[in-house]
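Here this note's numbering runs 885 ahead of the position in the sequence shown, where the first position is 1.
Hints in this document: simulated from the structure, not taken from any laboratory.
You may find that some hints are simply not true.
[Unchecked claim] Straight line, CA to CA, 27 Å or less: simulated DSS-like cross-link-like pairs of lysine-lysine: (1) K1036 <-> K1061; (2) K918 <-> K1029; (3) K960 <-> K1029; (4) K913 <-> K1054; (5) K935 <-> K918; (6) K1029 <-> K895; (7) K895 <-> K918; (8) K1017 <-> K1029; (9) K960 <-> K913; (10) K1029 <-> K1054; (11) K935 <-> K1036; (12) K960 <-> K1054.
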Amino acid sequence: MATSNWMANKAVDWLRHEGDIPVTQLKKRLQRKYGLDNMPYHRVWRGKCKGNNMIWESYDDLYALVPAQRYELLKRNPNSIEEVSNEEHSYLLSEKDHCWSRSLFGTTVKCCHLTNNVVESFNAFLGDARAKPIIYCVDVIRVKFMSMMNKRRMIAERWNGVLVPEAHKQLIELSKNKGMYDVQRSSIDMAEVDGP
(Lines of atoms letter the chains of each structure in order from A and count residues from 1; the text may use other names and numbers.)
(Lines give C-alpha, C1' and ligand atoms only; values in the text may rest on other atoms or scores of the structure.)
Protein backbone atom coordinates (compact mmCIF):
# COMPACT_ATOMS: atom_id res chain seq x y z
CA MET A 1 0.00 0.00 0.00
CA ALA A 2 1.33 3.44 -0.96
CA THR A 3 1.96 5.96 1.80
CA SER A 4 1.39 9.70 1.55
CA ASN A 5 5.18 10.26 1.60
CA TRP A 6 5.62 7.94 -1.37
CA MET A 7 2.80 9.76 -3.22
CA ALA A 8 4.42 13.12 -2.46
CA ASN A 9 7.74 11.97 -3.92
CA LYS A 10 6.04 10.68 -7.08
CA ALA A 11 3.76 13.71 -7.55
CA VAL A 12 6.21 16.50 -6.72
CA ASP A 13 7.38 16.94 -10.34
CA TRP A 14 3.79 17.12 -11.62
CA LEU A 15 2.93 19.69 -8.95
CA ARG A 16 6.04 21.73 -9.72
CA HIS A 17 5.36 21.91 -13.47
CA GLU A 18 1.55 22.00 -13.60
CA GLY A 19 0.65 23.85 -10.42
CA ASP A 20 -2.52 22.96 -8.58
CA ILE A 21 -3.71 19.52 -9.70
CA PRO A 22 -7.08 18.40 -8.31
CA VAL A 23 -6.75 15.47 -5.90
CA THR A 24 -9.05 13.24 -7.98
CA GLN A 25 -6.93 13.85 -11.10
CA LEU A 26 -3.74 13.19 -9.13
CA LYS A 27 -5.22 9.95 -7.82
CA LYS A 28 -6.08 8.80 -11.37
CA ARG A 29 -2.57 9.61 -12.59
CA LEU A 30 -0.93 7.67 -9.79
CA GLN A 31 -3.24 4.72 -10.39
CA ARG A 32 -2.57 4.77 -14.14
CA LYS A 33 1.22 5.17 -13.92
CA TYR A 34 1.94 2.83 -11.01
CA GLY A 35 -1.00 0.42 -11.26
CA LEU A 36 -2.24 1.13 -7.74
CA ASP A 37 -5.75 0.32 -6.60
CA ASN A 38 -7.68 1.27 -3.52
CA MET A 39 -5.96 4.59 -2.71
CA PRO A 40 -8.04 6.57 -0.22
CA TYR A 41 -8.77 10.16 -1.19
CA HIS A 42 -7.44 11.55 2.11
CA ARG A 43 -4.07 9.80 1.62
CA VAL A 44 -3.69 11.29 -1.86
CA TRP A 45 -4.69 14.70 -0.48
CA ARG A 46 -2.03 14.39 2.26
CA GLY A 47 0.51 13.34 -0.36
CA LYS A 48 -0.37 16.41 -2.43
CA CYS A 49 0.07 18.67 0.61
CA LYS A 50 3.44 17.10 1.40
CA GLY A 51 4.48 17.49 -2.24
CA ASN A 52 3.56 21.18 -2.16
CA ASN A 53 5.57 21.55 1.05
CA MET A 54 8.56 19.96 -0.71
CA ILE A 55 8.25 22.58 -3.45
CA TRP A 56 7.39 25.64 -1.39
CA GLU A 57 9.09 24.67 1.88
CA SER A 58 6.67 25.08 4.76
CA TYR A 59 3.59 27.27 4.38
CA ASP A 60 4.02 28.45 7.97
CA ASP A 61 7.55 29.66 7.21
CA LEU A 62 6.28 31.60 4.20
CA TYR A 63 3.74 33.50 6.32
CA ALA A 64 6.69 34.78 8.34
CA LEU A 65 7.94 36.46 5.13
CA VAL A 66 4.78 38.58 4.72
CA PRO A 67 6.10 41.59 6.71
CA ALA A 68 9.23 41.69 4.52
CA GLN A 69 7.03 41.50 1.40
CA ARG A 70 4.92 44.38 2.75
CA TYR A 71 8.07 46.45 3.36
CA GLU A 72 9.30 45.83 -0.20
CA LEU A 73 5.90 46.70 -1.70
CA LEU A 74 5.71 49.96 0.27
CA LYS A 75 9.30 50.83 -0.64
CA ARG A 76 8.67 50.29 -4.35
CA ASN A 77 5.22 51.92 -4.36
CA PRO A 78 5.38 54.90 -2.00
CA ASN A 79 2.04 56.42 -0.93
CA SER A 80 0.14 53.38 -2.20
CA ILE A 81 -1.31 52.73 1.26
CA GLU A 82 -2.74 55.51 3.37
CA GLU A 83 -2.38 55.41 7.13
CA VAL A 84 -5.59 55.87 9.11
CA SER A 85 -5.46 58.97 11.31
CA ASN A 86 -6.76 58.97 14.88
CA GLU A 87 -9.71 61.09 13.78
CA GLU A 88 -10.69 58.64 11.02
CA HIS A 89 -10.20 55.70 13.38
CA SER A 90 -12.48 57.31 15.98
CA TYR A 91 -15.11 57.95 13.30
CA LEU A 92 -15.04 54.32 12.18
CA LEU A 93 -15.35 53.12 15.77
CA SER A 94 -18.29 55.46 16.40
CA GLU A 95 -20.27 53.98 13.48
CA LYS A 96 -22.07 50.68 13.73
CA ASP A 97 -19.53 47.98 12.95
CA HIS A 98 -21.81 45.97 10.68
CA CYS A 99 -22.04 48.95 8.30
CA TRP A 100 -18.39 48.95 7.28
CA SER A 101 -16.53 45.93 8.65
CA ARG A 102 -17.15 42.72 6.73
CA SER A 103 -15.53 40.70 9.49
CA LEU A 104 -18.31 41.78 11.83
CA PHE A 105 -21.21 40.83 9.54
CA GLY A 106 -23.48 38.09 10.80
CA THR A 107 -22.55 34.59 9.72
CA THR A 108 -26.09 33.44 9.00
CA VAL A 109 -27.01 32.78 5.38
CA LYS A 110 -28.88 35.70 3.83
CA CYS A 111 -29.86 34.00 0.58
CA CYS A 112 -30.20 30.58 -1.02
CA HIS A 113 -27.12 30.80 -3.24
CA LEU A 114 -24.17 28.57 -2.43
CA THR A 115 -21.64 30.79 -4.16
CA ASN A 116 -20.54 34.35 -3.83
CA ASN A 117 -20.05 35.75 -7.34
CA VAL A 118 -17.37 38.22 -6.28
CA VAL A 119 -15.32 35.47 -4.65
CA GLU A 120 -15.86 33.12 -7.59
CA SER A 121 -14.74 35.84 -10.02
CA PHE A 122 -11.67 36.63 -7.95
CA ASN A 123 -10.72 32.95 -7.71
CA ALA A 124 -11.06 32.62 -11.49
CA PHE A 125 -8.92 35.76 -11.87
CA LEU A 126 -6.20 34.21 -9.69
CA GLY A 127 -6.27 30.86 -11.44
CA ASP A 128 -3.59 28.44 -10.26
CA ALA A 129 -1.98 31.03 -7.97
CA ARG A 130 -4.71 30.64 -5.35
CA ALA A 131 -3.31 27.24 -4.36
CA LYS A 132 0.22 28.60 -3.96
CA PRO A 133 1.80 30.08 -0.82
CA ILE A 134 0.72 33.55 0.25
CA ILE A 135 3.90 35.35 -0.88
CA TYR A 136 3.64 33.92 -4.38
CA CYS A 137 -0.11 34.62 -4.47
CA VAL A 138 0.32 38.28 -3.45
CA ASP A 139 2.97 38.74 -6.13
CA VAL A 140 0.71 37.20 -8.79
CA ILE A 141 -2.15 39.52 -7.73
CA ARG A 142 0.17 42.55 -7.96
CA VAL A 143 1.37 41.62 -11.46
CA LYS A 144 -2.16 40.85 -12.71
CA PHE A 145 -3.52 44.16 -11.43
CA MET A 146 -0.62 46.08 -12.96
CA SER A 147 -1.16 44.49 -16.37
CA MET A 148 -4.94 44.97 -16.14
CA MET A 149 -4.57 48.67 -15.25
CA ASN A 150 -2.02 49.18 -18.04
CA LYS A 151 -4.35 47.55 -20.57
CA ARG A 152 -7.22 49.78 -19.47
CA ARG A 153 -4.98 52.86 -19.57
CA MET A 154 -3.91 52.09 -23.13
CA ILE A 155 -7.53 51.60 -24.23
CA ALA A 156 -8.57 54.89 -22.57
CA GLU A 157 -5.77 56.79 -24.32
CA ARG A 158 -7.38 55.96 -27.68
CA TRP A 159 -10.68 57.58 -26.69
CA ASN A 160 -11.25 60.97 -28.26
CA GLY A 161 -14.42 62.12 -26.54
CA VAL A 162 -15.69 63.08 -23.12
CA LEU A 163 -17.80 59.94 -22.76
CA VAL A 164 -16.84 56.30 -22.89
CA PRO A 165 -17.30 55.19 -26.53
CA GLU A 166 -20.09 52.72 -25.68
CA ALA A 167 -22.06 55.39 -23.79
CA HIS A 168 -21.55 57.80 -26.68
CA LYS A 169 -22.84 55.19 -29.14
CA GLN A 170 -25.93 54.58 -26.98
CA LEU A 171 -26.66 58.32 -26.75
CA ILE A 172 -26.48 58.65 -30.53
CA GLU A 173 -28.76 55.62 -30.92
CA LEU A 174 -31.26 57.09 -28.44
CA SER A 175 -31.24 60.45 -30.18
CA LYS A 176 -31.99 58.79 -33.54
CA ASN A 177 -35.07 57.11 -32.07
CA LYS A 178 -36.37 60.22 -30.32
CA GLY A 179 -39.26 60.51 -32.76
CA MET A 180 -40.90 57.52 -31.13
CA TYR A 181 -41.47 59.51 -27.95
CA ASP A 182 -43.91 62.36 -27.39
CA VAL A 183 -42.75 64.89 -24.81
CA GLN A 184 -45.37 67.22 -23.29
CA ARG A 185 -43.85 69.95 -21.17
CA SER A 186 -45.87 71.01 -18.13
CA SER A 187 -43.46 73.46 -16.47
CA ILE A 188 -39.82 74.54 -16.60
CA ASP A 189 -38.53 71.45 -14.84
CA MET A 190 -41.32 68.88 -15.49
CA ALA A 191 -42.51 67.00 -18.56
CA GLU A 192 -44.57 63.98 -19.44
CA VAL A 193 -43.13 61.45 -21.89
CA ASP A 194 -45.34 59.07 -23.87
CA GLY A 195 -43.86 56.30 -25.93
CA PRO A 196 -43.10 52.62 -26.18
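Going down the list of hints, with the structure as the test:
no.: 1; hint: K1036 <-> K1061; verdict: 33 Å, violated
no.: 2; hint: K918 <-> K1029; verdict: 36 Å, violated
no.: 3; hint: K960 <-> K1029; verdict: 19 Å, holds
no.: 4; hint: K913 <-> K1054; verdict: 52 Å, violated
no.: 5; hint: K935 <-> K918; verdict: 20 Å, holds
no.: 6; hint: K1029 <-> K895; verdict: 32 Å, violated
no.: 7; hint: K895 <-> K918; verdict: 10 Å, holds
no.: 8; hint: K1017 <-> K1029; verdict: 15 Å, holds
no.: 9; hint: K960 <-> K913; verdict: 46 Å, violated
no.: 10; hint: K1029 <-> K1054; verdict: 30 Å, violated
no.: 11; hint: K935 <-> K1036; verdict: 38 Å, violated
no.: 12; hint: K960 <-> K1054; verdict: 43 Å, violated
Checked against the numbered hints above, the structure breaks hints 1, 2, 4, 6, 9, 10, 11, 12 and satisfies the rest.
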